[in-house]
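Asks: Sequence:
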Amino acid sequence: KRQPDNVTGVQTCALPIYYLVDALSWRPAGNLIAGIKRGEERVEVVFFERNGLRHGEFPLRLTQKQLMSWGSAICLSWNADSTVLAVSFKDRIQLWTMGNYHYYLKQTICFEEPTDLACGVRWHPEKPLLLTCSQTMQLKILQYRFHVSRSRIMPSADIGAVAVIDGCKFTSTHSGVYVYIDQYKLC
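Just so we're aligned: 81 in our numbering is position 23 of the sequence shown, and the numbers increase by one with no gaps anywhere.
No lab work stands behind these hints, which were simulated from the structure alone.
Everything numeric in this text was worked out from a predicted model, so none of it was measured.
Even for Gly, the Cβ is constructed at its ideal location relative to N, Cα and C.
One or more hints might be untrue.
Claimed, not checked - DSSO-like, lysine-lysine: derived pairs with alpha carbons at most 30 Å apart:
hint	residue 1	residue 2
1	227	95
2	148	95
3	227	185
4	198	123
5	95	164
6	185	164
7	123	227
8	164	198
9	198	185
To be verified - Computed Cβ-Cβ distance ranges for the label pairs, DEER-style:
hint	residue 1	residue 2	range
10	219	174	44 to 50 Å
11	140	197	23 to 29 Å
12	194	98	26 to 32 Å
13	204	76	33 to 39 Å
14	114	210	35 to 41 Å
15	214	99	48 to 54 Å
16	78	215	49 to 55 Å
17	138	228	24 to 30 Å
18	166	221	31 to 37 Å
19	194	232	42 to 48 Å
The whole structure should be built from the sequences, with the hints applied where relevant.
Replies: If you want it as structure tokens, here you go:
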């Protein structure tokens with residue numbers, strides 16, 4: 059449904075999103091709002107542009123049992139430079155980053171006992187990878203940094219391997235070994 063803005067004349071097109079719950083977080087970069095969509099069989103983090111259009115999503119990878127227990131209370135929080143999204147549950151916090159339009163689960167921070175509310179999460183406003191998380195009688199202050207590990211292989215033997223961690227998965231891509239197809243020879 060198109061709705062023209064009387065002031066700027068910009069048109070937006072918005073469709074209803076069903077099962078959207080109250081967990082929302084505005085990305086500090088200003089281009090996205092993250093929200094939680096709780097369906098019958100899965101929970102997703104959904105993104106909206108400033109004009110209200112939906113702009114992607116990713117599943118939280120919870121089973122039905124997890125959804126009913128510690129996944130029943132969820133809060134969202136972006137860090138100061140918009141590179142990490144913290145998703146807090148009753149007894150744990152998941153840290154997600156994005157690369158190549160895919161969201162990667164980088165770490166899960168667990169607490170001993172679940173509570174009725176989601177764990178408290180606060181990012182430092184000036185140090186983007188400094189995280190404070192709390193639950194009833196526990197406080198954790200965590201400092202992170204992005205790090206790229208490189209191999210020391212001779213250039214002739216280097217296959218250009220790139221690896222990434224996504225939750226329990228370790229994915230490796232060998233970008234130095236590829237098939238090159240000359241488009242002119244196909245004609």
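Asks: Each hint should be assessed against the structure and marked as holding or not.
Replies: Going down the list of hints, with the structure as the test:
Between residue 227 and residue 95 the CA atoms are separated by roughly 24 Å; this keeps the pair inside 30 Å, and the hint holds. Distance hint between residue 148 and residue 95 is fulfilled; the C-alpha atoms sit about 17 Å from each other, no more than 30 Å. The hinted pair formed by residue 227 and residue 185 meets the criterion: a straight-line CA distance of about 29 Å does not exceed 30 Å. Restraint check: the Cα-Cα separation between residue 198 and residue 123 comes to about 27 Å, which is no more than 30 Å; the hinted pair holds.
With a CA separation close to 21 Å, the supplied pair residue 95 and residue 164 stays within the 30 Å bound. About 19 Å separates the Cα atoms of residue 185 and residue 164, which keeps this hinted pair within 30 Å; it holds. Between residue 123 and residue 227, the direct Cα distance comes to roughly 21 Å. Compliance with the 30 Å bound is thereby established for this hinted pair. For the given pair, residue 164 sits about 17 Å from residue 198 by alpha-carbon distance, which is consistent with the 30 Å threshold.
Using a Cα cut-off of 30 Å, the hinted pair residue 198 and residue 185 holds, with the two alpha carbons roughly 16 Å apart. The supplied range of 44 to 50 Å is met by residue 219 and residue 174, whose beta-carbon atoms lie about 45 Å from each other. Range check, residue 140 to residue 197: about 25 Å between beta-carbon atoms, so the 23 to 29 Å window is met. In this structure, residue 194 and residue 98 meet the distance hint of 26 to 32 Å, their C-beta atoms being roughly 31 Å apart.
Distance hint check: the CB atoms of residue 204 and residue 76 are about 36 Å apart, consistent with the given range 33 to 39 Å. Look at residue 114 against residue 210: about 37 Å separates their beta carbons, and that is inside 35 to 41 Å. Between residue 214 and residue 99, the C-beta spacing of about 50 Å keeps the proposed range 48 to 54 Å intact. Separation of residue 78 from residue 215 is about 51 Å and conforms to the stated range, judged on CB atoms against 49 to 55 Å.
At about 29 Å, the CB distance of residue 138 to residue 228 agrees with the hint of 24 to 30 Å. The supplied range of 31 to 37 Å is broken by residue 166 and residue 221, whose beta-carbon atoms lie about 19 Å from each other. At about 47 Å, the beta-carbon gap between residue 194 and residue 232 stays in the expected band of 42 to 48 Å.
Against the hints set out earlier in the document, a violation occurs for number 18 only.
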